[in-house]
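Those protein sequences? They're chains E and C, same order as listed.
According to numbering that gives the first Met the number 0, the first sequence is numbered sequentially starting from 0.
According to numbering that gives the first Met the number 0, the second sequence is numbered sequentially starting from 0.
In short, the hints are calculated from the structure, not lab data.
Take the hints with a grain of salt, since some may be wrong.
[To be verified] Sample of chain C residues facing chain E (criterion: CB under 10 Å; computed from the structure): (1) Gly89; (2) Gln226; (3) Lys228; (4) Asp284; (5) Ala353; (6) Ile535; (7) Glu539; (8) Asn543; (9) Leu545; (10) Leu633; (11) Leu658; (12) Pro665.
Think of the CB as a built atom: it goes at the ideal place given N, C-alpha and C, for glycine as much as any other residue.
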Amino acid sequence: MERTISFRLNGKPTSVKTDGQRMLLWVLRSDLGLTGTKFGCGEGLCGACTVIVGHEAVRSCVTPVQAVDGKQVLTIEGIGQNGLHAVQQAFLNHHAFQCGYCTAGMIVSAYALLLRTPHPTREQIVSHMDDHLCRCGAHGRIVEAIQEAAGARTGGAA
Amino acid sequence: MTPPVIARGDLAMGEPVTGELATGDLKRRDFFAIAGAGLFVFFRSSPAEAQEPARLPTRQSGPTDLNAYLKIGADGRVACMAGKVELGQGVMTELALVLAEELDVAFDSIDVLVGDTDLCPYDMGTFGSMTTPLLIPSVRHAGAEARAVLVQMAAEKLGAPAERLQVKSGVISDPGQPGATVTYAQLVEGKRIERHLAGVAVKPASRLQMFGKPARRKDALDKVTGQAKYAGDMLFPGLLHAAILRPPAHGAKLKSADTSAAEKVAGVQVIKDSGMIAVLHSRPDIAREALAAVKAEFENPPSGPDDATIFDHIRKTAPQPRVVGQTGDLAEGERLSTGGIVENTYLNSYVAHASIETHSATARFEDGKITVWASSQAPFQVKNAVMNALGLPADKVRIVSRYVGGGFGGKTEADQGVEAARLAKIAGQPVQVVYNRQEEFFYDRFRPAAVMKIRAGVAAGKIVLWDGQVWGAGEREALPFYDIPHRRTASVGGWMGANPPGMNPFNVGAWRAPSVNSNTFARESHVDALAAKAGIDPLEFRLNNLSNPRIRRVLEIVAKQFGWKPGRAPSGRGVGIACGVYSNACNAAIAEVTVDRATGAVRVKRIMMALDVGLVVNPDGIRQQAEGSVMMGLGYALTEEVKFRNGEVLVRNFDSYPLPRFSWLPQVEIVLVDAGEAASLGGGEPPIITMGAVLANAIYDAVGARLLQLPMTPERVKAALAKA
């Protein structure tokens, strides 16, 4: 059933008129043209489609768009709109990616982790990121990048 | 003045297409301004590769015998165009680094364009770790040539001998005349100079300044900001997303399809064309949903092998293995094997490429010309396929594979590009095809399942007999590099498609270091078994039987760095060693593992790897490849296995095909061996080849159980423990 769903997307008020059962991923990519959020598995198994709703990282491929009605949604396009965010800078410094396809989901998820846990231990980082898949095998560098970003954030806001 | 037109090739630029090429370091105007002033150097990667296109039905786009070119523009920027594809392996960065070095210009002043059949000259494809050994030497020479031409021009302009001039960051100066300088940009302004490679010497190793130093990846900013555009990110007005009806199993035939329910979905268009049934909609999820409403009946294929019976099936269907190498006399080897004989049969399952980006393509006609953005490792091959499928001439087809979300050999073919092109032609609108994960697994050209049977004997610490037979893997590195007086190796089948019909129940293909993962697993496991039989430390045993100095060196280096303590296996420490060769690059690795005897679970604590890949252009690039290979290798060694039955691929998503995860991450140390000025070799594949054997050998050292089948799942570890 078509309805109007309104939310703040990367800080901007956004409305879509669509079937509320449709998954957020497709609305972002196809209706709204934000292609930084990627499709990888369609079942919430790989993390390539991760976005932040409120303060939580969610899998947009299994999140009905009606679930974000009235909420704040942050995608990779919204992170670092005014210069690179510390997480992005750290991914860049460490070359914490290869093909780059899972990278947006990784960065968004790391961003969410640091919102909740500004100074995570290495174990907390590994545990938080464990359901994100990277086929190129950049795992070690991603962990190091998140550690660096957490350090860079000491005493400062995002 | 009007510059002359480029004589060679037909660099059909066409109109810039909205929405692409807009990101990254590349400035589109540089390439569309190619008819303007500048210094152009055309070159090819190697005589062998340049001949390849002549054998293909069509070739086009660019100089006819050259597959890369370099332009130094009047704006001072350097553009390099090569038909390679950026799969994540860092080709853009490596090309830029090499040019910055040889031209003496700033790394940031270089724009690299890859993977566009209109703008880049022909390239066979990005696979086989060939970029570094074949293309990079030519790029170096092209850079050296361009620098020599510019220095000569500067000598005339400044009235100074060329030998006296110095170049830094694209500025040529004469130390003999203070203040006398001229830039590359000034030299080429208003001129059009074309050169072919004429054998100008590259810098000697002693003068290399940028090689071996950290360089920022050219694709970094695009990728950390989400701006990198992949084939499925191309959006156009009127774009339709296609969901295509697929059979439930390989070999299943469509009996009937009722599309009436799908056609009732608002906005849906159903296309039936030569056996293809596609449901199109402006929203990809709605197209998928409508496809689910198609009632299709298929005729099941005849029963076939499954993942348990496949190994017998392969041996039954394959012809007799062909001898690929033989020395001495096997009967004599048998007689000499006084220290004992070991015979084992090693198996590896089919494994999937499982790139996180599935096969994707967007096709769009404009003024009778089609552009297909395709996730492909071989855009020029996709071009041929699209030309053939649509009956279009070369100048009416352009393929763009700018950023590709992982390949590993699995995107050498790109059927989805043809599907999108066919549908775009029929629909009269742009069409996007993005495989879902199930399609990705179903249509993957898997690494072949393989059987490797080895019978070998020892005497007084020496291997004296080796009789190896390989089914299905391919023969690369099946011949052992150890010094063995009496040996024979035979092989049949492989990943290249020359298998007898029915041997593999689906397509197989190149999977990162094709054939060599399987053969290295078998050889290095078997050498370890022989060392155990002989009661000798596995490192010492290898060195006793190996005269190849480069392999000895990586073994010695990795052992020293690791702190290898000699001992007979199984020592209970859980350390294993293995070595191997891929396309002349050498790899030696040591692993440390723990094995839970109750559950069979293997935990990899540490991997140390020494690599000899010749002169290293970009050490961080090689390290990224090696670290990635370690992680990817954990998968094929421990968990990855394509389950199937009667043509049905039972692996449908990542929950039934476990990929390596963050929590598996061992301590990884990569040692790059100083190879002096030895030719640079590719680094994308060599690091992964030892991962099966090094873990099998470490497991044996931990618990005394020899694992003969990959992946070494907990069940197989427990079964081996029960037999040990």
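Each hint tested on the structure:
Below 10 Å, beta-carbon pairs count as interface contacts, and Gly89 (chain C) has one with chain E at about 7 Å; its hint therefore holds. With a cut of 10 Å, the hint placing Gln226 (chain C) at the interface with chain E holds, because the nearest CB-to-CB distance is about 7 Å. Interface restraint check for Lys228 (chain C): the shortest CB-CB distance to chain E comes to about 7 Å, inside 10 Å, so the restraint holds. With its C-beta approaching chain E no nearer than about 4 Å, Asp284 (chain C) sits inside the 10 Å limit, and its interface hint holds.
For Ala353 (chain C), the interface hint holds, the least distance from its beta-carbon to any beta-carbon of chain E being 6 Å, beneath 10 Å. Interface hint at Ile535 (chain C): violated, since its Cβ lies 34 Å from the closest Cβ of chain E, which is beyond the 10 Å cut-off. At a threshold of 10 Å, the smallest CB-CB gap from Glu539 (chain C) to chain E is about 31 Å, leaving the interface hint violated. At about 34 Å, the closest approach between the beta carbon of Asn543 (chain C) and any beta carbon in chain E exceeds 10 Å, and the interface hint on this residue is violated.
Taking 10 Å as the C-beta cut-off, the interface hint given for Leu545 (chain C) is violated, the closest approach to chain E being about 29 Å. For Leu633 (chain C), the suggested interface contact is upheld, since its CB lies about 9 Å from the closest CB of chain E, less than 10 Å. About 5 Å separates the beta-carbon of Leu658 (chain C) from the nearest beta-carbon of chain E, less than 10 Å, and the hint is met. Satisfaction of the interface hint for Pro665 (chain C) is found here, the shortest Cβ-Cβ separation to chain E being roughly 9 Å, below the 10 Å cut-off.
Violated hints, in rising order: 6, 7, 8 and 9; the structure is consistent with all others.
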